[in-house]
Every structure is written in C-alpha cells, then in structure tokens.
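A.B. asks: Sequence:
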Amino acid sequence: MSAGQPLPPSKVLRPAEIERFDRGNGGVTILFVGKWNAEGNAVTTGMTVLSPGTGIPLHSHNVEETVLVFEGEATATVGDERFDLIAGQATWVPAGIPHCFVNRGDGAMTIYWVYGGRDVTRTITATGETFEHLSDSDRGATPAH
1 MSAGQPLPPS KVLRPAEIER FDRGNGGVTI LFVGKWNAEG NAVTTGMTVL SPGTGIPLHS
61 HNVEETVLVF EGEATATVGD ERFDLIAGQA TWVPAGIPHC FVNRGDGAMT IYWVYGGRDV
121 TRTITATGET FEHLSDSDRG ATPAH
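Anchor point for the sequence shown: position 116 equals 116 in this note's numbering, and the numbering is continuous, going up by one each time.
Hints are not guaranteed to be accurate.
Distance ranges between label pairs, derived from CB positions [to be verified]: (1) Gly79 with Ala16: 32 to 42 Å; (2) Ile86 with Glu129: 29 to 39 Å; (3) Thr127 with Ala16: 34 to 44 Å; (4) Glu81 with Glu19: 12 to 22 Å.
Think of the hints as simulated: they come from the structure by calculation, not from any bench.
Just so we're clear, the structure is a prediction, and the values are computed from it rather than from any experiment.
Note that beta-carbon positions come from the ideal geometry of N, C-alpha and C, so glycine has one too.
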C-alpha cells in the first residue's frame with residue numbers, strides 16, 4: 001500500500017452481524033467502529049435508537065463527540081445550553097462537557113455519533129462514576145424528565 005492511501009478495514013460491517021446493546025428503557029446502541037476494528041481507526045462511531053420519552057443520562061466523555069440526529073426529534077443539553085434538534089441537524093460536544101439527548105418526538109429517534117478517539121470513557125454526571133464506553137457497566141437509558 002502506498003503512502004497517503006487509507007488503511008483497509010480489518011472487519012467488514014454487515015447489518016445482520018453488528019452487535020446491538022440493549023440499553024434498557026427503550027434504548028438500543030449499535031457500535032460500528034471501535035478500538036477492535038483496526039489500529040488505523042482514530043474514531044469510534046455508532047448509532048443509538050431511543051423510544052419516545054427516553055434518553056441517555058447526563059454524562060461526559062474524555063474525547064470530543066459529534067452527534068447527528070438521523071431520524072426523529074431530540075432535546076439536547078450540552079453544558080448549560082438546552083436546544084431542540086430535528087433529523088439532519090447535528091451538534092458537537094467538547095471533551096469533559098456534560099450532555100444528554102432525549103427523544104422528544106412520538107416515534108423512534110436515531111442518533112449517529114462519532115467520538116474523536118478510540119479509548120472512550122463515559123462519566124455519569126449524577127454519580128461521578130466513569131466507565132469504558134459501552135462496557136457492561138455502561139449500558140443504561142433513563143426515562144425523560
């Protein structure tokens with residue numbers, strides 16, 4: 001392979017083979033690219049699907065995150081700011097800033113997320129607990145307030 005060409009993936013993603021993490025309370029997360037995929041990947045990507053009225057608890061990460069609302073409607077809280085997003089809109093969250101996304105629509109909400117790193121952690125704001133992203137300890141969703 002010559003310089004400047006992208007590294008080939010070590011794993012081809014086929015929808016039927018992608019693991020889905022049940023986050024409880026109407027949430028499912030699908031991890032597309034993580035640290036297991038290839039050394040050349042400098043990001044972690046996936047999707048989370050939330051049922052109406054559910055959301056991910058307020059949390060922060062050790063790396064920056066970009067979130068695109070792929071389908072549905074979300075109320076986002078990023079730091080001290082709260083705003084609504086619809087399908088096709090995105091937001092960026094700096095590392096260490098507490099944030100959450102709640103499905104405010106009447107159908108499924110799908111968010112596509114990209115983390116600026118491979119070794120991602122998540123710290124739950126309410127408890128201060130830090131987990132490896134999508135580890136067994138990091139799979140909860142909570143009802144919207």
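A.B. asks: Next step is simple, just say for each hint if it's right about the structure.
C.D. replies: These are the hints, each one checked on the structure:
1. Gly79 with Ala16: 32 to 42 Å: 39 Å, holds
2. Ile86 with Glu129: 29 to 39 Å: About 32 Å separates the Cβ atoms of Ile86 and Glu129, which means 29 to 39 Å holds.
3. Thr127 with Ala16: 34 to 44 Å: Holds - the Cβ-Cβ distance for Thr127 and Ala16, about 36 Å, lies within 34 to 44 Å.
4. Glu81 with Glu19: 12 to 22 Å: 33 Å, violated
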